[in-house]
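Line order of the protein sequences matches chains A and E.
Residues 1 to 160 (my numbering) make up the first sequence, in order.
Residues 1 to 180 (my numbering) make up the second sequence, in order.
Hints listed in this document are in silico derivations from the structure and should not be mistaken for laboratory results.
Any given hint could turn out to be false.
Only pairs whose alpha carbons sit at most 25 Å apart, straight line, appear in this in silico BS3-like list of lysine-lysine [stated by the list, open to error]:
1. A:K151 / E:K66
2. E:K139 / A:K151
3. E:K8 / E:K66
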Amino acid sequence: MTYALTQTRLGETNSIERPSRLQEWNNREFLTMLNRRCQSLREGRFESFQSDLATSTDVGVIIVEDSFWKTPFVYIETMIKLFTDNDTCIAEEPEQEISRFREKVSCSSTVLPISVEDQDLLEWDVHIETPPPPHRSGTIKVRFKYIGRSKPIPIDDPWA
Amino acid sequence: MDYRWYDKVSGDDIQQGDIIESCPVLILPSELSLGPSGTTTDSQDIPFECRDVIVMSQTCDMVKGKEKIPEVLLCSVWQKSDFKPGERMARNENWEKARKGQLPGFHVLDKCDLEELKRDFRIVDFRRVHSLPLDFIRKIANELGKRTRLLPPYREHLSQAFARFFMRVGLPADIPEFRR
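Looking at chain E on its own, in the form it has when it is part of the complex (with noise of 0.2 Å):
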């Protein structure tokens, strides 16, 4: 039986766990400042950066021609080889960690190993969401060329992992522990 994580991809098709290398988001400045109006006069600097990203959005909602989101939702992901030595996710036990689900902020992807596509270890950053036009992603993922694509039951596995996250509940006070 086939468990490979992977596929090669190509095309403007966007399914939940594609992953689009160096695309660009936009990182809004703290200072910027619309007015009531929402309209500037003048043309502003906006940071951007190209990250890499994967699909959250679920794949029915992103079926062509009976598209049901106009915006993607997306997460930044980093490989093992971005971190340098001497930061925190440079060091294996927090990689250990995040395979073992204890770092709920994060989900882990294993490397890839397919032809043009070899990648390192990857980690997915649920605290570093975007929100990105479909059409704008469906060139972006053209352009790319192949790309890859994290398959079943892998992309259900970090969706939800994702879900867990978000639907986290802090409680105000908590039941003290029991003691042996």
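The following block holds chain A by itself, in its conformation from the complex (with noise of 0.2 Å):
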């Protein structure tokens, strides 16, 4: 994602390399598509649970106008911290800058809030407190009697 973008802007910004038709075309399906995600982040679909990872995202649009074209560019920053069990908090700011577009609009690349290391983490403690209802439930009346400890089934021979 951050070499396309990177490419896009490079291109742009350079006014005798101008993209082609299908460049820009394929520029514009990209930023759609990072639109989409965008969305997606704000609804908060990327919610997690019992989770010691926090994330704090800005997702912002920026609308950017050229004699040819008008496309809406993403600004993402996204801040992910780790709580660990000793109170310390372990912060990564992954937030890149690439190039300055027309040198009035700041970008940023976009940074999904999952990254490899976060997929590794197990949670351990991630249980269903409330389990679906049973098929059929009810009560069965029992008197308990005592008939003395169990023993282990006896094998003849284990070696046989």
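Work from the hints to combine the two standalone chains into their complex.
Structure (structure tokens):
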């Protein structure tokens, strides 16, 4: 993603090397895809539960106009914090400045809130608090009677 | 090559990976008191639930005539559609985590497309474990008629996941994280 955006910006900021119409179309498709991801972020679809990971995401859209085209650019800042058991906080700021577009618009790279390292986390304590209702349930009348300690199953010759 | 997840079986032969639907399990109430004698004079109301369970005991311990265990270890299983919208396990992202093995307390099984046994994706809950007499399970399985059996290597994958969860060790003092 970063590479594609860099290519876009470099192409546009160089007045001699304007992108072809096909390249422009590709860029627009790419940005549309990014916008869809932005929408997912805004709607909180990346929500996780019982996780030690905290993410804060600032999403903005910048409309950039040119004499040839008008395209929305996404602007995402993501902060990932991992809280450890000893109350230390490991923060990671994956924001990367790529280049400036026409000097007025600041741009940043798009970073998904889940990094490769985060995907390796094991959530040992996740459990189902209330299981789905059973197919059938009820009670039975039981009278408990102690019959002594159980014994292991006798095996004649385990090596036979 | 055939990579089927399930087979359709019937009868009272029990193997690891057999799914027994609507199997009655007793939920002993916490207030139940048997006293030092272990015997009650009056009858007690003991709740039971009919749950879908999967056999976790080893197949070789349950061979007919050569049984090496009197009781079968079972884990509760739920279908994806059993969870209501809004519940945590109704969300796809949590199923995805479980599928990738990030939730060690669970194991995801593929949906079943066998005729008469079409079922949604299922999740095995390693925290809800039951033990029932082998003869009782044979009887229940026989009464079920057609039922689903998880096939290798998926059943070994399930068994490995259960072992990984069961043998987990929590360290009282972990090594501090290495900072970048």
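Against the structure, the hints come out as follows:
{"no.": "1", "hint": "A:K151 / E:K66", "result": "holds (17 Å)"}
{"no.": "2", "hint": "E:K139 / A:K151", "result": "holds (23 Å)"}
{"no.": "3", "hint": "E:K8 / E:K66", "result": "holds (24 Å)"}
When each numbered hint is compared with the structure, no violation occurs for any of them.
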